[in-house]
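Undergrad: Sequence:
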Amino acid sequence: MRGTSKREDNVFWIIALDDTKKNADDKRGARFISRFTKPSRNTQEDVPTYEWHFVTDEATGTVSIGCKLAQTMDVYLGLIEDGVTECGQIAQEMKISPATVSRFAKKGIDAGWLKKEGREYVLVPHEK
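The sequence shown begins at 1 in my numbering and counts up by one.
Hints were generated in silico from the structure; no laboratory data involved.
Each hint should be verified, as a subset may be incorrect.
Dumping the calculated PhoX-like pairs for lysine-lysine here, alpha-carbon to alpha-carbon at most 25 Å [stated by the list, open to error]:
| no. | residue 1 | residue 2 |
| --- | --- | --- |
| 1 | K68 | K107 |
| 2 | K21 | K115 |
| 3 | K95 | K68 |
| 4 | K107 | K21 |
| 5 | K106 | K21 |
| 6 | K116 | K95 |
| 7 | K68 | K21 |
| 8 | K22 | K107 |
| 9 | K106 | K95 |
| 10 | K115 | K22 |
| 11 | K115 | K95 |
| 12 | K106 | K116 |
| 13 | K107 | K95 |
| 14 | K22 | K68 |
| 15 | K106 | K22 |
| 16 | K68 | K27 |
| 17 | K38 | K95 |
| 18 | K22 | K116 |
| 19 | K38 | K68 |
Restraint-style ranges between C-beta atoms, simulated for each label pair [claimed, not checked]:
| no. | residue 1 | residue 2 | range |
| --- | --- | --- | --- |
| 20 | L69 | R103 | 18 to 26 Å |
| 21 | R28 | R119 | 32 to 40 Å |
| 22 | K116 | F12 | 34 to 42 Å |
Even glycine gets a Cβ: it sits at the ideal position worked out from N, Cα and C.
Full structure from sequences and hints, please.
TA: In structure tokens, the structure reads:
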């Protein structure tokens, strides 16, 4: 047999970073959501999704880092912005049921920032 092993790949963890700065009130620094798209198979529990905020103080050069559990709707919005637009795909990425994805979609449609085209969810461009 050729190769090193029968493993799927050599990557034990894969992390995705979704930009959240454009939706934030505070535009300073870097803002993103981190989520594990492939946690280690040795992980016993799901790894939570976090929202991060890095800000550099211009006077001192000191970097402050804030972190909190991400809101599920922010993760949902980030996936759609990244091109994951079908209910089943979103459910699989977020590790939730398709029914829960549909509930998120209804909230987005009712709020006016989301529409459904066929089987896909599409963001409604906001007017400037």
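Undergrad: Hint numbers the structure violates, sorted upward?
TA: none
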